[in-house]
Amino acid sequence: MKIQPLGDRVLVEPMKDDEQKKGGIIIPDTAKEKPQKGKVIALGTGRIDDDGKKVPFNVKKNDVVLMPKYGGTEIKIEGKEYQIMREEDILAVID
Amino acid sequence: MKIQPLGDRVLVEPMKDDEQKKGGIIIPDTAKEKPQKGKVIALGTGRIDDDGKKVPFNVKKNDVVLMPKYGGTEIKIEGKEYQIMREEDILAVID
Amino acid sequence: MKIQPLGDRVLVEPMKDDEQKKGGIIIPDTAKEKPQKGKVIALGTGRIDDDGKKVPFNVKKNDVVLMPKYGGTEIKIEGKEYQIMREEDILAVID
Amino acid sequence: MKIQPLGDRVLVEPMKDDEQKKGGIIIPDTAKEKPQKGKVIALGTGRIDDDGKKVPFNVKKNDVVLMPKYGGTEIKIEGKEYQIMREEDILAVID
Amino acid sequence: MKIQPLGDRVLVEPMKDDEQKKGGIIIPDTAKEKPQKGKVIALGTGRIDDDGKKVPFNVKKNDVVLMPKYGGTEIKIEGKEYQIMREEDILAVID
Amino acid sequence: MKIQPLGDRVLVEPMKDDEQKKGGIIIPDTAKEKPQKGKVIALGTGRIDDDGKKVPFNVKKNDVVLMPKYGGTEIKIEGKEYQIMREEDILAVID
Amino acid sequence: MKIQPLGDRVLVEPMKDDEQKKGGIIIPDTAKEKPQKGKVIALGTGRIDDDGKKVPFNVKKNDVVLMPKYGGTEIKIEGKEYQIMREEDILAVID
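Protein chains in written order, with the numbering used here: chain A, 1 to 95; chain B, 96 to 190; chain C, 191 to 285; chain D, 286 to 380; chain E, 381 to 475; chain F, 476 to 570; chain G, 571 to 665.
No lab work stands behind these hints: they were computed from the structure.
Straight-line Cα separation of at most 25 Å, DSS-like style, residue types lysine-lysine; simulated pairs:
#1 C/K244 - B/K148
#2 G/K604 - F/K512
#3 A/K37 - G/K650
#4 G/K630 - F/K528
#5 G/K586 - F/K555
#6 A/K80 - A/K69
#7 A/K37 - G/K572
#8 G/K609 - F/K555
#9 G/K607 - F/K514
#10 A/K2 - A/K80
#11 G/K630 - G/K604
#12 E/K456 - F/K514
#13 A/K61 - A/K16
#14 D/K365 - E/K414
#15 F/K514 - G/K604
#16 G/K631 - F/K529
#17 G/K631 - F/K477
#18 G/K607 - F/K544
#19 E/K396 - E/K382
#20 C/K259 - D/K322
#21 D/K287 - E/K419
#22 B/K164 - A/K80
#23 C/K206 - C/K266
#24 D/K354 - E/K449
#25 B/K164 - A/K2
#26 F/K514 - E/K382
#27 D/K319 - C/K270
#28 D/K361 - E/K417
#29 D/K345 - C/K192
#30 B/K148 - A/K54
#31 F/K477 - F/K529
#32 A/K76 - A/K34
#33 C/K229 - C/K192
The model shown is predicted, which means the values in this text are computed figures rather than measured ones.
Using the sequences provided together with the hints, build the complete structure.
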């Protein structure tokens, strides 16, 4: 089973943040708009710009990203949780 | 009887999700914006872009799609329920 | 007496849906945004796009259409009820 | 005394609808956004589009139009009531 | 002392309407968005359109205009009251 | 210490209005959107328009301007109060 | 570990303002939209304009900036607090 997101959406698998690990990213509980780590599983078909050209994605498959917790739509495939969200809403890529 | 959606709208027949089937997509009841599976029955006449050209659809007839539950307009034809919704609101195609 | 809608508006005569007829379109009472059947009586003068060209209509006179119930403005001409609404708000053409 | 509306505005004199006359337009009291008949008295200076060209009006002087009751600004000149409103808000021309 | 409005703003001096004078413009007290007469004292520096060109004003110095009462910003210069408002918000020129 | 505003922002030092001086600008206390006098201290880096060109400012350093009281962001540098605001929000230049 | 912000976002490390230091920037507690000092740690991948070209940033790495306190998203990396925010929301660069 394969999920092909449409337009500028991406399929992301949320990751547990290793808060215990030294140097990990800790998202403070008090943050107004709490972000979340995730792995990019699939890119969308791409957004078409005003000149009819496809806009390339800034993220790629397997990228670890920082995303707002409630910016996407939750689904569960074969027992795992995923989010479908617009690339525009992803905050950053983590190397 | 045939329904021809207008502009960038599509006619979709909602499908029951086989939650029991192994590997099926399960939409958690707690999801904020609960999505729903459906089959594309008819494409619209197409959206016209700023240059006067028709924008092609990313979905095609018989595609199984993931869509927000309350994103479209419900109608019933010959006893079956359908949704008319904008393609933009469809989240993903499922293979 | 003739009504010439302006811009991208159309004049539509609402139709009673033959819910009893087998195969008719039934609009469920529980639908969030309840649609309604109607017949196109007159097209508007047409919308002008950014390049100064008239955008053609996707509906034509006598088309039977599916429209949102409260998307237009109600008027009564010679005893009959009509709606003036934007074509953009019409959901579909029914053949 | 002459009123020259600015931009895409028009000066309209509201008319009493001859509801008694057979075949007249009757605006139902229950209508959500109640329209009103009026006569176009003066056209505005015209809207300038993105290419710097004037957009022609779809209505002309003396046209009888159907307009939303509270879409314009009321003024009284030499004892008569008028409305200044944008052409975009006029629903239709009545022949 | 000179006030040079910026962009598409104009400086207007509100005028008392000669309601007693025969043929004067009377603004009904019941009007939803009550307009007001005024004299144009100074034009702004002009709005720049998308092609980088200045958009000419439709009003000129000393024009008597009809304007919404609360559409601008009130200031007092040398004892007189003025309004600084966008030309777009001026309804009409009175000849 | 130097403050370089970004984009179409300007740094303005609010000035006390000499209400006592004959001919001064008096901002009535009853004004709905009370304006305020100020001196332009620094221009921003400039807004980039759709063609990639910098849009020139209509105000220059040391201009005395009229600005809405709550349109900007207050900061204090070396004991003096300043406002950082968008040029678009400045009402007029006072000569 | 490296954070690569996406699009027109930047990664900023908030700085304590040396309010005691003579000549420091003091943000009054009463300011409506309280700004905050910070150091730019990383620039985003850049915003793509309507012509498909990347828009350059006005800030650069290590710039000290003035930013609205609640304009971004808070994260904590290796024990330090950061903000991811759009460059558009940064008010000024401090030299």
